[in-house]
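Chain by chain, the residues run as shown.
There are 2 protein chains.
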Amino acid sequence: MSKPDPIQATDDAARKLARRLIAQMRHAVLGTLDPDSGAPLLTRIAVQTDRDGTPLALLSGLAAHTRALQADARAGLMIADGKAAKGDAMTHARLSILARALPADPDPARRDRWLARDPKARVYIDLPDFRFWRIEPVSGLLNAGFARAYRLEPADMLEPPAP
Amino acid sequence: MSKPDPIQATDDAARKLARRLIAQMRHAVLGTLDPDSGAPLLTRIAVQTDRDGTPLALLSGLAAHTRALQADARAGLMIADGKAAKGDAMTHARLSILARALPADPDPARRDRWLARDPKARVYIDLPDFRFWRIEPVSGLLNAGFARAYRLEPADMLEPPAP
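Note that the protein sequences, when read in sequence, are chains B and U. Per numbering that gives the first Met the number 0, the very first residue in the first sequence carries number 0; after that it's consecutive. Per numbering that gives the first Met the number 0, the very first residue in the second sequence carries number 0; after that it's consecutive.
In short, the hints are calculated from the structure, not lab data. The beta carbon of each residue, even a glycine, is placed where N, CA and C say it ideally should be. Just to be clear, a hint being listed does not mean it is correct.
Reference excerpt, derived from the structure (chain U facing chain B, CB under 10 angstroms, subset only) [said to hold, decoys possible]:
no., residue
1, 26
2, 27
3, 37
4, 38
5, 45
6, 48
7, 63
8, 70
9, 74
10, 77
11, 87
12, 101
13, 119
14, 142
As a list, the in silico SDA-like pairs of lysine to any residue whose alpha-carbon atoms are at most 20 angstroms apart [stated by the list, open to error]:
no., chain 1, residue 1, chain 2, residue 2
15, U, 82, U, 26
16, U, 119, B, 89
17, U, 82, U, 22
18, B, 82, U, 81
19, B, 82, U, 106
20, U, 119, B, 82
Please model the entire structure based on the sequences and the hints provided.
Below is the structure:
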């Protein structure tokens, strides 16, 4: 049986959609490797963009996903379209990223930027077990709806370097 | 620093919530192990319950997650509360399952049961590359909102055996 390749050639519309999905996200599903079983552990996390457009998570050290990332930096991220709350979720645009998660400094600019978009985080952002993690994309799979899928490189998802 | 255990003792209210989340799901985020990198690959899939309450997925053999499951049965599943589309998603109930995914026979009862809840699947359910997979729970992590988390065994999530 011949299998048609469901992946289309990446174009600027796909890049624009991927960047919009990343820019608007406030939460996402994180995938980590469960240290005990090696299975993919899925958790919902708070996530925004860092200054360069890289996904930035604010994670508690008490959570299972943080222990998993401390043992193995390999991560996945499922970003849904926050504006598409109605209708059949299988037709909504979404972006799946394979990534490496690395701890990030809680410098004041990063902290202030986070709080500007998530003021309620003020309650826990300074607790000693919370810290930032950069979820650095390695590759992406963009699903723009039925039969429209694209494989993306990091440069297709992140903001272009400032001129 | 002493770390409080954020996990509460599993009670019947937690079991009831987990079973409701599983019973109402029509889609979920699947985690598989990317065969190339070993990283957790997250994709949105169509999923319902099988007769015994086990999550049942209908997957295309053309999809990356199916190739991943054929290489390694370890899977994760993130089930959100379909009735909680509004408000802060971080406060919505959700269930994360660690599981083993196993191909399931497309017997007529299973096929009819699926189509009764997903009539639009009639367009592709009989295509040769589509098949059912049982996502058999190994353990679960139920988040019922901030600071209410429970670890679940399979018996806490599946329907009790018929008397």
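Checklist entry - Failing hints, ascending? => result Going through the list in order, the structure violates hints 6, 8, 12, 19, 20 and respects the others.
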